[in-house]
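Number of protein chains: 2
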Amino acid sequence: MNPDLRKERASATFNPELVTHILDGSVQNTRRRREIENLILNDPEFQHEDYNFLTRSQRYEVAVKKSAIMVKKMREYGIADPDEIMWFKKLQLVNFVEPVGLNYSMFIPTLLNQGTTAQQEKWLHSSQGLQIIGTYAQTEMGHGTHLRGLETTATYDPKTQEFILNSPTVTSIKWWPGGLGKTSNHAIVLAQLFTQGKCYGLHAFIVPIREIGTHKPLPGITVGDIGPKFGYEEMDNGYLKMDNYRIPRENMLMKHAQVKPDGTYVKPLNNKLTYGTMVFVRSFLVGEAARCLSKACTIAIRYSAVRHQSEIKPGEPEPQILDFQTQQYKLFPLLATAYAFQFVGKYMKDTYHRINEGIGQGDLSELPELHALTAGLKAFTTWTANSAIEECRMACGGHGYSHSSGIPNIYVTFTPACTFEGENTVMMLQTARFLMKSYDQVQSGKLLDGTVSYLNDLPSQRIQPQQVAVWPTVVDINSPESLTEAYKLRAFRLVEIAAKNLQAELSHRKSKEVAWNLTSVDLVRASEAHCHYVVVKLFSEKLHEIQDKSIQVVLRNLCVLYSLYGISQKAGDFLQGNIMTGSQIAQVNQRILELLTVIRPNAVALVDAFDFKDATLGSVLGRYDGNVYENLFEWAKKSPLNKTEVHRSYYKHLKPLQSKL
Amino acid sequence: MNPDLRKERASATFNPELVTHILDGSVQNTRRRREIENLILNDPEFQHEDYNFLTRSQRYEVAVKKSAIMVKKMREYGIADPDEIMWFKKLQLVNFVEPVGLNYSMFIPTLLNQGTTAQQEKWLHSSQGLQIIGTYAQTEMGHGTHLRGLETTATYDPKTQEFILNSPTVTSIKWWPGGLGKTSNHAIVLAQLFTQGKCYGLHAFIVPIREIGTHKPLPGITVGDIGPKFGYEEMDNGYLKMDNYRIPRENMLMKHAQVKPDGTYVKPLNNKLTYGTMVFVRSFLVGEAARCLSKACTIAIRYSAVRHQSEIKPGEPEPQILDFQTQQYKLFPLLATAYAFQFVGKYMKDTYHRINEGIGQGDLSELPELHALTAGLKAFTTWTANSAIEECRMACGGHGYSHSSGIPNIYVTFTPACTFEGENTVMMLQTARFLMKSYDQVQSGKLLDGTVSYLNDLPSQRIQPQQVAVWPTVVDINSPESLTEAYKLRAFRLVEIAAKNLQAELSHRKSKEVAWNLTSVDLVRASEAHCHYVVVKLFSEKLHEIQDKSIQVVLRNLCVLYSLYGISQKAGDFLQGNIMTGSQIAQVNQRILELLTVIRPNAVALVDAFDFKDATLGSVLGRYDGNVYENLFEWAKKSPLNKTEVHRSYYKHLKPLQSKL
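As given, the protein sequences belong to chains A and B, one line each in that order. Residue numbers 1 to 661, in the working numbering, belong to the letters of the first sequence in order. Residue numbers 1001 to 1661, in the working numbering, belong to the letters of the second sequence in order.
Keep in mind the hints are simulated off the structure, nothing from the lab. Bear in mind the structure is a predicted one, so any value in this text is a computation, not a measurement. Incorrect hints may appear among the rest.
[Stated by the list, open to error] Computed list of lysine-lysine pairs in DSSO-like fashion (alpha-carbon distance at most 30 Å, straight line):
no., chain 1, residue 1, chain 2, residue 2
1, B, K1159, B, K1260
2, A, K73, B, K1655
3, B, K1090, B, K1346
4, B, K1655, A, K241
5, B, K1549, A, K7
6, B, K1549, B, K1346
7, B, K1655, A, K437
8, A, K652, B, K1065
9, B, K1260, A, K330
[To be verified] So these bits of chain A aren't anywhere near chain B, every CB distance computed over 12 Å:
no., residue
10, Q47
11, D81
12, I133
13, Q192
14, N244
15, E357
16, G358
17, Q443
18, V474
19, I477
20, L506
21, H544
22, M580
We put the CB at the ideal spot given by N, CA and C, even for glycine.
Bound-form chain A, shown alone (with noise of 0.2 Å):
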């Protein structure tokens, strides 16, 4: 092990074991988790050349010999459980995709909540072993956010009980769904349903597009890749365009509508339900953003530990650069962030655990709270860790630009999630629209549950946005339930301020749409204090559950480092509700600092505790054994480049031009 490592080990307060346990939510979890890693670790047939020294063909080619191996694997380690399965894939993945993916996130929950039981044992059991390759066609090139909006067309034929699916113009190509290009034999493909003259919006349909054991485009079918983005690099989005393409009626996913043979259209009977998977994949995102943000935290504080640079004090050898300031004011407080994440992840996730069982006992009740609460928290977390992992990447000086330390990766793997399952302003908006319906129904004299609670609490007479008096209660900045009351404050006044300018909107425009438009910038801002409070509050909450004492005590100050920085960076907001006071917030940005090295000897036994094998495998940086510096030198002699002593392009290109000398 490095000796900077095993220093900083030795040094920690507290033994990262036991926050594992916390944060994978029993030992039992742990071990279980560990054992499915060590599966993967020592499985030859999972070894392969690093993606980064490969072209994008080849990286396809590995990432589908992985999906097929996977599928043979788990079937073979007896892996079902979902838990089970994204441990074992996130693994083997290593910070990047699969083109099969789509067919278990999508394909197969989407045949799951709406397909008939009929339909269901046609398809489940050959996609579930990729005979059917299946994805998930929604987004058009020219529609995404605007379901409404999208306009491929299913129109059914009653004489031969088909429907024809046509792609009527140029932005009606389906475009983008993973593994669409090159990998899928079907797609769920999502269109305006006409029958018997009439448009009834959109349905899903099973699109067989390439024939199984040719695997070429059915007649009718034009697919193909839509070419190189930033990052997943392993997968084949494709485009997606049919031409009067004819599928049978049985194809229509009729669990909730139904179009009989004769062509009568049969609506569902709760159009909520549709909504399922989507809630569960926006929540699953909330998860996806603590993972990776915590990754990125591991490889930079690791590197931050192993690396020595610049001099403190003359003459003296060089610090490790966690020792600056400046570095720690960087990482601690996204360290924080990614703690707190991982419990708003686990929270979403039980929640939506909870609140499913219940639709699925016909209770609809917390659904409306459940929507606005993903919808919100996806954004923010998603926002909030995409810029943290590029602060994480830059923390790493030069090396953090080479793909050596695996940052880059992370990055583009994962900063799409900022804009698919929902664009993220168009989601602070859904949150934002139910905030105002909340505090509607709080001004008409309703009492509200669950995280918007807080508005019944604060009578609105109370807030003036121009003239407040002091609240009541001095914030004390080292109390994490005092914090909480801080941000509940300001997430209400933020709430009031967007109700109130959108209510004088309304009041000087015609419509409400136009009204709703021009208050949108302060929509956004309430949404996005409200998840802030959320987060704070459910940090602060998870405290309570922590029985050791050593432990408590780090966390403690994580939540509190978490909930000042927020404080420090939107000061405007708090000064501005006389929440707190100029000097508060002077004291506030004085406690980060001394936080900063309260934190600073357990900042690795911190990281170790998020337990990455990946930050191991998929970085240089990260690795536990710590030789940096020999392993970048190897791993860079493995560059494509190095493989002649000279390039073909030096005789083609510059020898003619020395020639002269």
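Given chain A's structure and the hints, the job is docking chain B onto it.
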């Protein structure tokens, strides 16, 4: 032309051509720039396949080929003026880099700055013609920022009158120099000079690394590519290890310091002069930040004008996404920033030349300020542009993730500017050192010149961070001059806080280095506020030079937006300093929203004025013809994965799974 873009251009209130002349510096400059750009656009030798579809090795080869052609063509066209060379190269490269770039940007300038006349005679001509291909090898695997920590040694041997170069450790291996991996045959190597048993610190040596004619590494030289990176794919950033490698005494650059044949060391007259190249490159990077951000804004704003999505009013056609307030709030402050940085970049360039002329005549008085200003503004503008480019990318929805948008390549080509030529945090601390020195000078009664002269105006007694009186003047949020004053007060306050905290740490600790480290977060904050003030000031002053009324109005709105947006983002500073009140901040936020509406009709014309030909060439979304979707489809079809109907991986890995079906 796309009908949306035509409509936008028709609705502009000013003639963008006039703004282009301002940005270029004169009508003549614009004309000459376009002449040069047209040479490239019309020359079939510069047409090549889209880099995005090539492997790294192919990209490298195309880049070398283009470099060779470029040398030939520039001679043919008679392009020798530095500005003209830049116009030529920038268009020819289209968001990419070139393996021989450092020959021109570092090798030749260093030879000119530090070489004797005899040395220039020996190497200059052949390096200009690319017979000698040089690079600049300073950074080592284990050492970047801290130059004294570099480990490479050059030991003088008077017996043979040679220097013996050594890379004594793994960490001492030269790492990162562009073009070193495969392309260069010479490098200027920075090494610790040892002669007569004593170390005299870093000096520069011309080191042949490959044999002319065969291009094979010379004996004693180990050289290669450092492997794949986040961007810079066509660049062979390299490593260099030297083992008892001998070069003649004459290969030490001896314009300033010298080693006599007997080994006697003659020290340079003035140490500061060797920093010339570095200051030049940093001031150049300010312009690069402006250029890259302007290009990203061009693409994102044109795309937002062409893209229709969602509904503002139900049933009406989908609006241009540029009509959404949230989209305007994302992009227009960035557009204003791009303009601000354009003017700062121009100012830095002019100031560099002015002061450099002074230096040529022996006047070093302005050198400390120039050094501090370039360091701080390099950091301030590159950090801002870095995150702003990503915001532009994410404002393009899904298509921003595709290389068809051009923005990912702008980003990865630009982002290293945050780290190279001085890591940004280190740069900010260098500026802070100058600010602290200036502050002390005022305290001891000295009157300051230049950008820090505001420290004269404000007696320190007036600022007590914790208990301030209201500032005498009320900020007029519509006046660039008044806003500049507000930024000045903020800068003054943060400089003072940093100075007082530094003083307080000094009174508690023994060493001033420890005190410096423990104040460094405050110091960076002070530097940022200083730089922000300088940018606002320069933008505000620029307005006075504009004659045309219609243009003055438009640029004034951008200047006010830039200033107000910064106040909104850093509201805490303005409130804590009692520079503005809470209700004024509320007015600022309201005024920003109004300005978005005011700027909206001119948005496309404002990016047209940047006059980027390569936003057209390098991006489907930024094209003038605006047939975004048709172009995108044509582009995607060229993806290498589309070269075969069925990828070989199907037969190898997926078909076996289907045999069971």
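Status of the hints after comparison with the structure:
1. For the given pair, K1159 of chain B sits about 12 Å from K1260 of chain B by alpha-carbon distance, which is consistent with the 30 Å threshold.
2. Using a Cα cut-off of 30 Å, the hinted pair K73 of chain A and K1655 of chain B holds, with the two alpha carbons roughly 17 Å apart.
3. Using a Cα cut-off of 30 Å, the hinted pair K1090 of chain B and K1346 of chain B holds, with the two alpha carbons roughly 17 Å apart.
4. Distance hint between K1655 of chain B and K241 of chain A is fulfilled; the C-alpha atoms sit about 24 Å from each other, no more than 30 Å.
5. Using a Cα cut-off of 30 Å, the hinted pair K1549 of chain B and K7 of chain A is violated, with the two alpha carbons roughly 66 Å apart.
6. Annotation: proposed proximity of K1549 of chain B to K1346 of chain B holds, straight-line Cα distance about 22 Å (limit 30 Å).
7. A hinted pair counts as satisfied when its Cα atoms are at most 30 Å apart, and K1655 of chain B with K437 of chain A does not qualify at roughly 53 Å.
8. Restraint check for K652 of chain A and K1065 of chain B: the C-alpha separation of about 8 Å stays at or below 30 Å, so the hint holds.
9. In summary, the hint linking K1260 of chain B to K330 of chain A is not supported, as the alpha carbons are separated by about 48 Å, beyond the 30 Å threshold.
10. Every CB of chain B is more than 12 Å from the CB of Q47 of chain A (nearest about 16 Å), matching its label as outside the interface.
11. Distance check on D81 of chain A: its Cβ is at least 22 Å (rounded) from any Cβ of chain B, clearing the 12 Å threshold; non-interface status holds.
12. Residue-level check failed: I133 of chain A sits 7 Å from the nearest beta carbon of chain B, not beyond 12 Å.
13. Listed as outside the interface, Q192 of chain A is consistent with that label: its C-beta sits roughly 15 Å from the nearest C-beta of chain B, beyond the 12 Å cut-off.
14. With a minimum CB-CB distance of about 19 Å to chain B, N244 of chain A clears the 12 Å threshold, and the non-interface call stands.
15. Even its closest Cβ contact with chain B, about 33 Å, leaves E357 of chain A beyond 12 Å, as expected for a residue assigned away from the interface.
16. Every C-beta of chain B lies more than 12 Å from that of G358 of chain A, the closest at about 31 Å, which supports listing it as non-interface.
17. Remark: the non-interface label on Q443 of chain A is consistent with the geometry, its nearest Cβ contact in chain B lying 22 Å away (cut-off 12 Å).
18. Distance to chain B confirms V474 of chain A as a non-interface residue, since its nearest Cβ pair spans about 16 Å, more than 12 Å.
19. With a least beta-carbon separation of about 15 Å from chain B, I477 of chain A lies farther than 12 Å from that chain, consistent with its non-interface assignment.
20. No Cβ of chain B approaches the Cβ of L506 of chain A within 12 Å, the least distance being about 14 Å, so the stated non-interface status holds.
21. With a least beta-carbon separation of about 31 Å from chain B, H544 of chain A lies farther than 12 Å from that chain, consistent with its non-interface assignment.
22. Here M580 of chain A does not stay apart from chain B, with its beta-carbon only about 10 Å from theirs, under the 12 Å limit.
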